[in-house]
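Counted from 1, the sequence shown has number 150 at position 150 by my numbering; the numbering is strictly sequential.
Quick caveat, the hints were computed from the structure, so don't treat them as lab data. Backbone N, C-alpha and C define an ideal beta-carbon position, used for all residues, glycine too. Any given hint could turn out to be false.
As the list claims (entries may be wrong) - Ranges of calculated distance between the beta carbons of each label pair, as one might list FRET restraints:
(1) 76 - 254: 40 to 48 angstroms
(2) 224 - 165: 19 to 27 angstroms
(3) 284 - 23: 47 to 55 angstroms
(4) 286 - 322: 40 to 48 angstroms
(5) 322 - 272: 41 to 49 angstroms
(6) 322 - 281: 39 to 47 angstroms
(7) 289 - 180: 45 to 53 angstroms
(8) 201 - 113: 26 to 34 angstroms
(9) 76 - 294: 25 to 33 angstroms
(10) 293 - 95: 58 to 66 angstroms
(11) 209 - 291: 34 to 42 angstroms
(12) 95 - 272: 49 to 57 angstroms
(13) 267 - 237: 29 to 37 angstroms
(14) 293 - 236: 32 to 40 angstroms
Unchecked claim - Taking lysine-lysine pairs in the BS3-like style, the calculated list, with each CA pair at most 30 angstroms apart, reads:
(15) 285 - 30
(16) 117 - 230
(17) 309 - 33
(18) 251 - 164
(19) 143 - 216
(20) 285 - 309
(21) 117 - 216
(22) 30 - 211
(23) 68 - 78
(24) 143 - 157
(25) 216 - 33
(26) 211 - 201
(27) 78 - 27
(28) 30 - 216
(29) 319 - 164
(30) 251 - 211
(31) 219 - 143
(32) 211 - 27
(33) 201 - 67
(34) 67 - 37
(35) 33 - 68
(36) 55 - 78
(37) 68 - 157
(38) 157 - 67
(39) 33 - 219
(40) 68 - 216
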Amino acid sequence: MAKNTNLHKAKDAKNDEFYTQISDIEKELKHYKGHFKGAVVFCNCDDPEWSNFWKYFHLNFEFLGLKKLITTHYETEKPSYKMEYEGGNDADCSVGTITPLMQNGDFRSPECVELLKEADIVVTNPPFSLFREYVAQLMEYGKKFVVIGSMNAITYKEIFPLLKNNHMWLGCNSVKEFVQPDGSIKKFGNILWFTNLDIAKRHEELDLIEKYSPEKYPKYDNYDAINVDKVTDIPCDYDGVMGVPITFLDKYNPEQFVIVGMSATADTMDIPVQLGEAFMAEYRKQGGTGHFSANMYGVCYFDNNGKAKVPYGRILVRKKAGA
Numbered sequence: 001m002a003k004n005t006n007l008h009k010a011k012d013a014k015n016d017e018f019y020t021q022i023s024d025i026e027k028e029l030k031h032y033k034g035h036f037k038g039a040v041v042f043c044n045c046d047d048p049e050w051s052n053f054w055k056y057f058h059l060n061f062e063f064l065g066l067k068k069l070i071t072t073h074y075e076t077e078k079p080s081y082k083m084e085y086e087g088g089n090d091a092d093c094s095v096g097t098i099t100p101l102m103q104n105g106d107f108r109s110p111e112c113v114e115l116l117k118e119a120d121i122v123v124t125n126p127p128f129s130l131f132r133e134y135v136a137q138l139m140e141y142g143k144k145f146v147v148i149g150s151m152n153a154i155t156y157k158e159i160f161p162l163l164k165n166n167h168m169w170l171g172c173n174s175v176k177e178f179v180q181p182d183g184s185i186k187k188f189g190n191i192l193w194f195t196n197l198d199i200a201k202r203h204e205e206l207d208l209i210e211k212y213s214p215e216k217y218p219k220y221d222n223y224d225a226i227n228v229d230k231v232t233d234i235p236c237d238y239d240g241v242m243g244v245p246i247t248f249l250d251k252y253n254p255e256q257f258v259i260v261g262m263s264a265t266a267d268t269m270d271i272p273v274q275l276g277e278a279f280m281a282e283y284r285k286q287g288g289t290g291h292f293s294a295n296m297y298g299v300c301y302f303d304n305n306g307k308a309k310v311p312y313g314r315i316l317v318r319k320k321a322g323a
């Protein structure tokens with residue numbers, strides 16, 4: 001959402017407010033133009049007075065061929081309102097029908113759920129702290145969406161299965177900067193778009209040029225897969241399971257790869273494995289540091305020099321047959 005008082009959950013300052021820039025909205029939504037024709041769009045975390053999502057869809061209402069635009073937003077201590085626009089004066093973003101709500105505009109409220117049922121596509125920046133619940137609601141009501149969220153959400157046990165099973169995927173861009181109320185810029189490095197609308201990027205084949213060798217791609221000590229440190233290093237001639245960086249999801253083509261699991265937690269692994277006592281004993285003996293423990297879930301390996309290593313969370317994938 002353009003005015004998002006929950007983004008402070010990602011930072012230390014409790015009262016920070018951030019505004020999604022219209023340039024970021026335009027940059028992402030240009031990839032979805034065909035999806036909006038004849039659609040009812042709902043921005044359910046957006047005050048139309050401030051929201052650049054409302055502004056974008058209002059200004060582009062005719063261009064996109066929208067049927068209707070609806071927005072609601074949360075009020076902490078009083079009833080909120082909804083604003084609806086059905087065309088006629090796209091250039092004036094103050095044009096629309098305002099209707100008071102009985103409740104506070106929380107996306108979970110019965111009034112907002114009824115509006116959600118009416119919508120075809122939901123586009124907004126939901127509260128990061130409620131991202132699991134927000135996406136679950138979209139799935140429950142079978143809605144198409146384009147929403148902003150933290151990269152950390154990829155590892156959530158409620159979110160990862162949706163990515164794995166192709167019920168949602170990453171959008172085309174990241175959002176690196178938000179505007180604060182005083183006009184200054186706050187930078188983030190882990191904010192992404194999530195969607196379940198088909199986009200061309202999702203069908204782009206990842207070029208694989210590296211060849212497999214046991215020396216370059218060590219096997220995990222506790223899981224039947226090889227370790228790949230960079231997405232660009234995925235070997236073209238290996239058909240088994242590979243542990244690749246989480247950034248792989250930005251290049252994921254479901255026609256080329258199958259996602260098997262993720263090494264972050266027992267909930268996201270197809271076969272949950274722990275680091276184990278023997279590996280951790282050697283890891284500590286070698287001077288390894290960090291919060292790792294024997295009962296921690298994840299993959300581990302010894303490199304060519306015998307050094308014990310625990311890679312950061314890995315997406316476990318294999319090439320699709322025939323790809």
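Hint-by-hint comparison with the structure:
1. Checked against the hint of 40 to 48 angstroms, the pair residue 76 and residue 254 passes, with Cβ atoms roughly 41 angstroms apart.
2. In this structure, residue 224 and residue 165 meet the distance hint of 19 to 27 angstroms, their C-beta atoms being roughly 22 angstroms apart.
3. For residue 284 paired with residue 23, a C-beta distance near 49 angstroms keeps the hint of 47 to 55 angstroms intact.
4. At roughly 42 angstroms, the beta-carbon separation of residue 286 and residue 322 lies within the given 40 to 48 angstroms, and the hint holds.
5. Between residue 322 and residue 272 the Cβ separation comes to about 30 angstroms, which falls outside the hinted range of 41 to 49 angstroms.
6. Our hint of 39 to 47 angstroms for residue 322 and residue 281 holds, since their Cβ atoms are close to 43 angstroms apart.
7. Range check, residue 289 to residue 180: Cβ separation about 36 angstroms, and the 45 to 53 angstroms hint is violated.
8. In this structure, residue 201 and residue 113 meet the distance hint of 26 to 34 angstroms, their C-beta atoms being roughly 31 angstroms apart.
9. Between residue 76 and residue 294 the CB atoms are about 46 angstroms apart, so this pair departs from the stated range of 25 to 33 angstroms.
10. Between residue 293 and residue 95 the beta carbon distance is about 59 angstroms. The supplied range of 58 to 66 angstroms therefore holds.
11. Between residue 209 and residue 291 the beta carbon distance is about 36 angstroms. The supplied range of 34 to 42 angstroms therefore holds.
12. The hinted window of 49 to 57 angstroms between residue 95 and residue 272 holds, with their beta carbons roughly 55 angstroms apart.
13. At about 32 angstroms, the CB distance of residue 267 to residue 237 agrees with the hint of 29 to 37 angstroms.
14. Taking 32 to 40 angstroms as the suggested C-beta distance range, the pair residue 293 and residue 236 conforms, at roughly 36 angstroms.
15. With a C-alpha separation of about 54 angstroms, the suggested pairing of residue 285 with residue 30 is violated against the 30 angstroms cut-off.
16. Restraint check: the Cα-Cα separation between residue 117 and residue 230 comes to about 42 angstroms, which exceeds 30 angstroms; the hinted pair is violated.
17. Of the supplied pair hints, the one linking residue 309 and residue 33 is violated, its CA atoms being roughly 45 angstroms apart against a limit of 30 angstroms.
18. For the given pair, residue 251 sits about 14 angstroms from residue 164 by alpha-carbon distance, which is consistent with the 30 angstroms threshold.
19. For the hint pairing residue 143 with residue 216, the CA-to-CA distance comes to about 44 angstroms; that exceeds 30 angstroms, so the pair is violated.
20. Proposed proximity of residue 285 and residue 309 is supported: the alpha carbons are some 12 angstroms apart, at most 30 angstroms.
21. Proximity of residue 117 to residue 216 is assessed by CA-CA distance (about 52 angstroms); at most 30 angstroms being required, the pair is judged violated.
22. Restraint check for residue 30 and residue 211: the C-alpha separation of about 37 angstroms exceeds 30 angstroms, so the hint is violated.
23. In summary, the hint linking residue 68 to residue 78 is supported, as the alpha carbons are separated by about 26 angstroms, within the 30 angstroms threshold.
24. Proximity of residue 143 to residue 157 is assessed by CA-CA distance (about 20 angstroms); at most 30 angstroms being required, the pair is judged to hold.
25. Distance restraint check for residue 216 and residue 33: the Cα-Cα separation of roughly 43 angstroms exceeds the 30 angstroms cut-off, and the hinted pair is therefore not satisfied.
26. The hinted pair formed by residue 211 and residue 201 meets the criterion: a straight-line CA distance of about 25 angstroms does not exceed 30 angstroms.
27. Among the hinted pairs, residue 78 with residue 27 is inconsistent with the structure: their alpha-carbon atoms are about 35 angstroms apart, more than 30 angstroms.
28. A C-alpha spacing of about 40 angstroms is found between residue 30 and residue 216, which places the hinted pair above 30 angstroms, so the restraint is violated.
29. Using a Cα cut-off of 30 angstroms, the hinted pair residue 319 and residue 164 holds, with the two alpha carbons roughly 14 angstroms apart.
30. For the given pair, residue 251 sits about 19 angstroms from residue 211 by alpha-carbon distance, which is consistent with the 30 angstroms threshold.
31. Our distance criterion of 30 angstroms between C-alpha atoms is broken by residue 219 and residue 143, whose separation comes to about 41 angstroms.
32. Taken as a hint, the residue 211 and residue 27 pair is broken in the structure, with Cα atoms around 36 angstroms apart against an allowance of 30 angstroms.
33. For the proposed pair residue 201 and residue 67, the alpha carbon gap of about 27 angstroms is at most 30 angstroms, so the pair holds.
34. Only pairs whose Cα atoms come within 30 angstroms are accepted, and residue 67 paired with residue 37 is accepted, the gap being roughly 8 angstroms.
35. The straight-line distance between the Cα atoms of residue 33 and residue 68 is roughly 15 angstroms, inside the 30 angstroms bound, and the hint therefore holds.
36. A C-alpha spacing of about 24 angstroms is found between residue 55 and residue 78, which places the hinted pair at or below 30 angstroms, so the restraint holds.
37. Proposed proximity of residue 68 and residue 157 is contradicted: the alpha carbons are some 34 angstroms apart, above 30 angstroms.
38. Straight-line distance between C-alpha atoms of residue 157 and residue 67 comes to about 36 angstroms, which puts the hinted pair past the 30 angstroms bound.
39. Between residue 33 and residue 219 the alpha-carbon distance is near 44 angstroms, which puts this suggested pair outside the 30 angstroms criterion.
40. Between residue 68 and residue 216 the CA atoms are separated by roughly 55 angstroms; this puts the pair beyond 30 angstroms, and the hint is violated.
In this structure, the hints that do not hold are numbers 5, 7, 9, 15, 16, 17, 19, 21, 22, 25, 27, 28, 31, 32, 37, 38, 39 and 40, in rising order.
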